[in-house]
Amino acid sequence: MSDYLVIVESPAKAKTIERYLGKKYKVKASMGHVRDLPKSQMGVDTTNNYEPKYITIRGKGPVLKELKTAAKKAKKIFLAADPDREGEAIAWHLAHTLNIDISSDCRVVFNEITKDAIKESFKHPRAINMDLVDAQQARRILDRLVGYNISPLLWKKVKKGLSAGRVQSVAVRLIIEREKEIKDFIPEEYWTIRADFVKGKESFDGQFYGMDGSKLELTNEDDVNKVLNRLSGNGFTVQTVTKKERKRNPAPPFITSSLQQEAARKLNFRAKKTMMLAQQLYEGIDLGKEGTVGLITYMRTDSTRISETAQNEAADYITSSFGSDFLSDNKKKENKGANTQDAHEAIRPTSTLREPNSMKEYLSRDQLRLYKLIWERFVASQMAPAVMDTMSVDLVNQDIIFRATGSKVKFPGFMKVYVEGTDDSVEEKDKMLPDLKEGDKVISKDIDPKQHFTQPPPRYTEARLVRTLEELGIGRPSTYAPTLDTIQKRGYVSLDNKRFIPTELGEIVLELILEFFPEILDVEFTAKMENGLDEVEEGKVEWVNVIDSFYNGFEKRLEKAENEMQEVEIKDEPAGVDCEECNHPMVFKMGRYGKFMACSNFPDCRNTKAIVKEIGVTCPSCHEGSIIERKSKKRRIFYGCDTYPKCEFLSWDKPLARKCPKCESMLVEKKLKKGQQVQCVECDYKEETQK
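Heads up, the sequence shown is in the UniProt record's numbering, so the first residue is 1 and it goes up one at a time.
Derived from the structure by calculation, the hints contain no laboratory data. Zero decoy hints are in this set.
In silico DSS-like pairs for lysine-lysine, Cα to Cα no more than 25 Å straight-line:
no., residue 1, residue 2
1, Lys-119, Lys-28
2, Lys-589, Lys-157
3, Lys-671, Lys-272
4, Lys-76, Lys-15
Produce the complete structure using the sequences and hints provided.
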């Protein structure tokens, strides 16, 4: 019989922890929450201080029976769910179910699943933190009041299967408003003039800056002609030379939102996939002889703090691998003591010494890519800034000023390991200028004016949307991935080329919510509500008061919406073809995965067809069918023959209508990080990358 019972959420976590604790401990998994509000009803008594009605989650009977049996045999029970609000709530529900005194030292928290962290955490058990529980409970009740009141209205007035929520509604609003900005955008003309300069055998380029000593914007062709007509010959004089040293600091270690953003930019991962892989790395990976070990710290956090133990280990690694010059100055100071219990640390590797290359044989390809990203970001954050030598030169001809700039990395610092990505990534490369001095003469061998037009704001990618929600204070780290997933499943938005586009359904639902429940969509109101929940967590306010301040006005709006909201009929759009089974017209319908074609004679005829997009290429395999664009179950685009299953040709790369000039085989358009490249599928023929 085990002396102690430890309950965690997942079997993977249980397996890892049990190995560290020894024979006296039995570790069981609750498989997540064991109690929740009922799905079939509101489950919140609005007339009795919003008292929640919790029930055992369907299917959890056998798990609870097993836990109760194990609890009877144990001298003491420890509840070791995740170190956040939801984890605290899971522990509270388990305590209630297993009759554990919540004021006893039954709660254990740790930020990483490693031997030292686990053993240390069990030396410091505590009582369940009811402020954390109340904050999670308030969020759950608030979302239930919104969802279970507005959603039935939408079913009645628009269509079944719709839903509304605080965070998801704001996310849809941001996407729709961005689309309106794009449609209303009026491009403005502007011009640039680029010049190629030569000094001796060295060449460099510069851009028009201004005239008569001040900066000038070129707004039309007349402005350009005035500049060009004023130039006299192709000789320029170096007027000023400015040399500076610029420092570039490393990005801080990851928090949940920045991890999701960077994984989207650099690895092309959706937020949901990033969190799933991070969970696996946190809960433990089998490292052969070393056993199962958690490779990263807890992945739901909004803090960039790092424990001194981790800082010291990283400092030793950086010094031994790169030299002391590469260590950040504030890490060179002697660190005394170690903070082994920090539930709000940033996301980092549990040991800097586990280099990504040494983990290759134990991790899947995607696990390794994410681990490498986390490891590099953390190590770089502890390194010295990069130092850049910059040079700026003004060149003058008849008081017309062209400016040339150059820079080179003087000291790479953290860039030796990692450089943060951006949504519009531009690599920073060395761009050297000749050794120029004031009064030097240079020659312009080519002056090239170009017309441009300002561009509308870009549509939201997952990374951009997460960043915007975070900046506005909407939602919290754990809510972003499920929110983005929900708004797509409900058909409110779709993804095109990894960018969100609102659907007609999304616009209709938003318009109705905006008319009758404006506070749900008010960014400032929603952010204020999040702050209220944070204050509950800090013990500053009662959770009932936060709910009450919202519900009093919401209840009145709900009554008004019930009486005044008009029914909206979403008419099916004709597809322009007839059903091959009953000859009735086919129509476009909106489903979980976007639009599809269905017979208008439903339910008598249930024929449906996917919407196909022809690319104008004859199938290179059967030479009869046409190549069409398809989507996999994971929404990834691929290309196949329209005669499938008769012809099973498929390609992840887009086939082209022309053949390889070298071997007559099929050419495809291959997507690369820096653009697209045309390649032959058989020989080594390639065409220059299109950016």
